[in-house]
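Colleague: Each chain, letter by letter, is given below.
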Amino acid sequence: MNPALELTAVRKSFGGVPAVRDVTISLAAGERRLLLGPNGAGKTTLFNLITGDLARDAGSIRLFGREISRMRPDRRVHLGLARTYQVITLFSGDSLAHNLALALLGLSRSRWNPLSPLSGRGEIWERAHALLERFGLLPLADRPLAFTSYGEQRRVEIAMALAQEPRVLLLDEPYAGLSREERRDVQAVLKEVPREVTVVMIEHDLDVALSFAEKITVLHQGAVLIEGTRAEVVADPRVQEVYLGA
Amino acid sequence: MRRHLPGAAGAALLLLPAFLPFEYYVNISTQILIAAIFALSLNLLVGYAGLVSLGHAAYLGASAYLTAWLASHRGFGHLAASLAAIALTTALAAVFGALSLRAEGLGFLMITLALGQILWGLAYRWVPVTGGDNGLSGLSRPRPLGFDLTSANSFYLFALAVFACAFVLIALFVRSPLGAGVRGARDQPRRMQALGFHVWRIRFFTFVFAGFWAAVAGVLYVDYNQFISPHVLSLTNSAEVLLMVIAGGAGTLLGPLAGAAVVVIVKNVASAYVARWVMLLGAVFVFIVIFVPEGLVPGLRRLRGRAA
Chain X
1 MNPALELTAV
11 RKSFGGVPAV
21 RDVTISLAAG
31 ERRLLLGPNG
41 AGKTTLFNLI
51 TGDLARDAGS
61 IRLFGREISR
71 MRPDRRVHLG
81 LARTYQVITL
91 FSGDSLAHNL
101 ALALLGLSRS
111 RWNPLSPLSG
121 RGEIWERAHA
131 LLERFGLLPL
141 ADRPLAFTSY
151 GEQRRVEIAM
161 ALAQEPRVLL
171 LDEPYAGLSR
181 EERRDVQAVL
191 KEVPREVTVV
201 MIEHDLDVAL
211 SFAEKITVLH
221 QGAVLIEGTR
231 AEVVADPRVQ
241 EVYLGA
Chain F
1 MRRHLPGAAG
11 AALLLLPAFL
21 PFEYYVNIST
31 QILIAAIFAL
41 SLNLLVGYAG
51 LVSLGHAAYL
61 GASAYLTAWL
71 ASHRGFGHLA
81 ASLAAIALTT
91 ALAAVFGALS
101 LRAEGLGFLM
111 ITLALGQILW
121 GLAYRWVPVT
131 GGDNGLSGLS
141 RPRPLGFDLT
151 SANSFYLFAL
161 AVFACAFVLI
171 ALFVRSPLGA
181 GVRGARDQPR
191 RMQALGFHVW
201 RIRFFTFVFA
211 GFWAAVAGVL
221 YVDYNQFISP
231 HVLSLTNSAE
241 VLLMVIAGGA
251 GTLLGPLAGA
261 AVVVIVKNVA
271 SAYVARWVML
281 LGAVFVFIVI
291 FVPEGLVPGL
301 RRLRGRAA
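Protein sequences appear in the order of chains X and F. Using the working numbering, the first residue of the first sequence is number 1, and each one after it goes up by one. Using the working numbering, the first residue of the second sequence is number 1, and each one after it goes up by one.
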């Protein structure tokens, strides 16, 4: 069986400065993987290469056996790739329900419909409201996103990614900037991710992240430093040196 | 019932000029409607797609020239000339859109400006086809389904019917799923890509749709004036329609109509009484930018909400 996501010798430089250096990673379907590394290790760049926000210089990126490295970002999404961003980028002037509706519309053929009103597409709104209810956001459905808390926006962002029914989900620091209560909320939301979905998470909060991942990849200066189980990674002296500063 | 009152009042106000005995004011109203269709089309780009163009007169002008040339030099009937002009101009918008959308922001603005200026230069220099400085004249008004449009009132009704079509279809477009995609691509293009939308294609479709409605306005323009000169393709004309959109309220449906009314009235009516009418137009825009920076329609809505 093909791995869900497979990166082989992926390379990316910015103006001659290498950001990702020959990274090779393979993830099985349904796997939970944590990407660790100090700032500037190339974690978000790697996400951007996988989603197509950035073009890779060399190497291969395969999604369920299919080469996607030359594919447009939106095509990759249609193959089952979804992501969240480190900095929340949502539609702040629109309601929570509208944000969810856009996420649902993105994979629907009706996104090209230029005539029938979006407000009349009952099935989209029903699904948007159902998702909001699942994530405890239904009472805020009609509120503009700008008038919600940071934690609520994070939950909306994850709900939007899940609305896309992804097969591979990339989460870029989902707990960043959240209070203790908000972290708990997001943790509960992430538990809702179906088991068959492959999840890769970048996270600095080791308490929550280590309980989530089965396997950890540590990046350092754009290259894979070590890959292994929690115990293996935590015990490795190189990790303590570059990441924990020991 | 009360909900429909403003709409009914607006429709009555738009119908009123058709029955006025003052030809001058009826003609001003017709010019407002033609300018409003033109501004509605640019509003698709500026207001909904977030793409500021300084070359939109290219489509109004190309369509007007094509209608005039096909009718006067190629023996086309009014309907055939108009339909062919709209189709060819929409195709031109597709080509210009493919070129312009290679860039965003200032780059996009500069490419649209350059393409518009190329057409303007062509209108001046390609004398055998465009008549050069003299333009093309001696045209007549159409007779759709046998209706005589020579009187100011009948032509106003014709323009109003076309405006109503444009308004309804553009309103449907912006409220459709594709319209939501256009606004999403304006606000968060990267996020839209991550949601599975093809941002470039959405913008391209909007560009072509905007070109189509500018072409419709161009046909009306030449039918109304029965004359066409390179001025219609000028940068001034592109800037003027951009001012209409911004002054009225970009990204609103009624904004372009309000903006077109302000510009056409100041240009035509105020210029009869005030020698320095361009200064007056400038003063009006300064007033709008200071007191209702979001444009007349959303600004007045805000002020009304504050008063209530």
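Please keep in mind that the hints were generated in silico from the structure rather than gathered at the bench. None of these values were measured; they are calculated from a predicted model. Where a beta carbon is used, it is the ideal one built from N, C-alpha and C, also for glycine. Honestly, I wouldn't trust all of these hints.
[What the hints assert, rightly or not] Computed, partial: chain F to chain X, Cβ under 8 Å:
{"no.": "1", "residue": "ARG102"}
{"no.": "2", "residue": "PHE173"}
{"no.": "3", "residue": "SER176"}
{"no.": "4", "residue": "LEU178"}
{"no.": "5", "residue": "ASP187"}
[What the hints assert, rightly or not] What follows is a list of derived Cβ distance ranges for each label pair:
{"no.": "6", "chain 1": "X", "residue 1": "ASN39", "chain 2": "F", "residue 2": "LEU235", "range": "23 to 33 Å"}
{"no.": "7", "chain 1": "F", "residue 1": "ALA171", "chain 2": "X", "residue 2": "VAL234", "range": "57 to 67 Å"}
{"no.": "8", "chain 1": "X", "residue 1": "GLY15", "chain 2": "F", "residue 2": "VAL278", "range": "43 to 53 Å"}
{"no.": "9", "chain 1": "F", "residue 1": "ALA171", "chain 2": "X", "residue 2": "ASP142", "range": "16 to 26 Å"}
{"no.": "10", "chain 1": "F", "residue 1": "ALA87", "chain 2": "X", "residue 2": "ARG127", "range": "37 to 47 Å"}
{"no.": "11", "chain 1": "F", "residue 1": "VAL127", "chain 2": "X", "residue 2": "SER108", "range": "50 to 60 Å"}
{"no.": "12", "chain 1": "F", "residue 1": "ALA80", "chain 2": "X", "residue 2": "ARG143", "range": "32 to 42 Å"}
{"no.": "13", "chain 1": "X", "residue 1": "GLY15", "chain 2": "F", "residue 2": "LEU300", "range": "33 to 43 Å"}
{"no.": "14", "chain 1": "F", "residue 1": "ALA114", "chain 2": "X", "residue 2": "VAL17", "range": "53 to 63 Å"}
{"no.": "15", "chain 1": "X", "residue 1": "ALA130", "chain 2": "F", "residue 2": "GLU104", "range": "30 to 40 Å"}
{"no.": "16", "chain 1": "F", "residue 1": "ARG301", "chain 2": "X", "residue 2": "SER108", "range": "24 to 34 Å"}
{"no.": "17", "chain 1": "X", "residue 1": "ALA58", "chain 2": "F", "residue 2": "VAL127", "range": "30 to 40 Å"}
{"no.": "18", "chain 1": "F", "residue 1": "LEU20", "chain 2": "X", "residue 2": "TYR150", "range": "54 to 64 Å"}
{"no.": "19", "chain 1": "X", "residue 1": "ARG195", "chain 2": "F", "residue 2": "ALA114", "range": "49 to 59 Å"}
[What the hints assert, rightly or not] If you only want the chain X side, here are some residues facing chain F, beta carbon under 10 Å, derived:
{"no.": "20", "residue": "ASP74"}
{"no.": "21", "residue": "PHE91"}
{"no.": "22", "residue": "ALA101"}
{"no.": "23", "residue": "LEU190"}
Colleague: Lying within 50 to 60 Å: is that true of the beta-carbon distance F/VAL127 to X/SER108?
Modeller: 52 Å, holds
Colleague: CB of F/LEU20 to CB of X/TYR150, is that within 54 to 64 Å?
Modeller: 57 Å, holds
Colleague: So, F/LEU178 near chain X? Judge it on the closest CB pair being under 8 Å.
Modeller: 4 Å, holds
Colleague: Is it true that X/ARG195 and F/ALA114 lie within 49 to 59 Å of each other by Cβ?
Modeller: Given a distance of about 55 Å, which is inside 49 to 59 Å, the answer is holds.
Colleague: Can the hint on F/PHE173 be confirmed by a CB-to-CB distance to chain X that is less than 8 Å?
Modeller: 5 Å, holds
Colleague: Taking 53 to 63 Å as the hint, is the beta-carbon distance of F/ALA114 and X/VAL17 inside that range?
Modeller: 35 Å, violated
Colleague: Can you verify the interface hint for X/LEU190: is its Cβ closer than 10 Å to any Cβ in chain F?
Modeller: The hint is violated - X/LEU190 has no Cβ within 10 Å of chain F, the shortest such distance being about 18 Å.
Colleague: Is 24 to 34 Å right for how far apart the beta carbons of F/ARG301 and X/SER108 are?
Modeller: 32 Å, holds
Colleague: Taking 30 to 40 Å as the stated bounds, is the beta-carbon spacing between X/ALA130 and F/GLU104 within them?
Modeller: 36 Å, holds
Colleague: Verify the CB-CB distance for X/ASN39 and F/LEU235 against the hinted window 23 to 33 Å.
Modeller: For X/ASN39 and F/LEU235 the Cβ distance comes to about 48 Å; the hint is violated.
Colleague: Does X/ALA101 hold up as a contact with chain F if the rule is Cβ-Cβ below 10 Å?
Modeller: Holds: closest Cβ of chain F sits about 7 Å from X/ALA101, inside 10 Å.
Colleague: Determine whether the Cβ-Cβ distance between F/ALA171 and X/ASP142 falls within the hinted range of 16 to 26 Å.
Modeller: 22 Å, holds
Of the numbered hints listed earlier, those contradicted by the structure are 1, 6, 12, 13, 14, 17 and 23.
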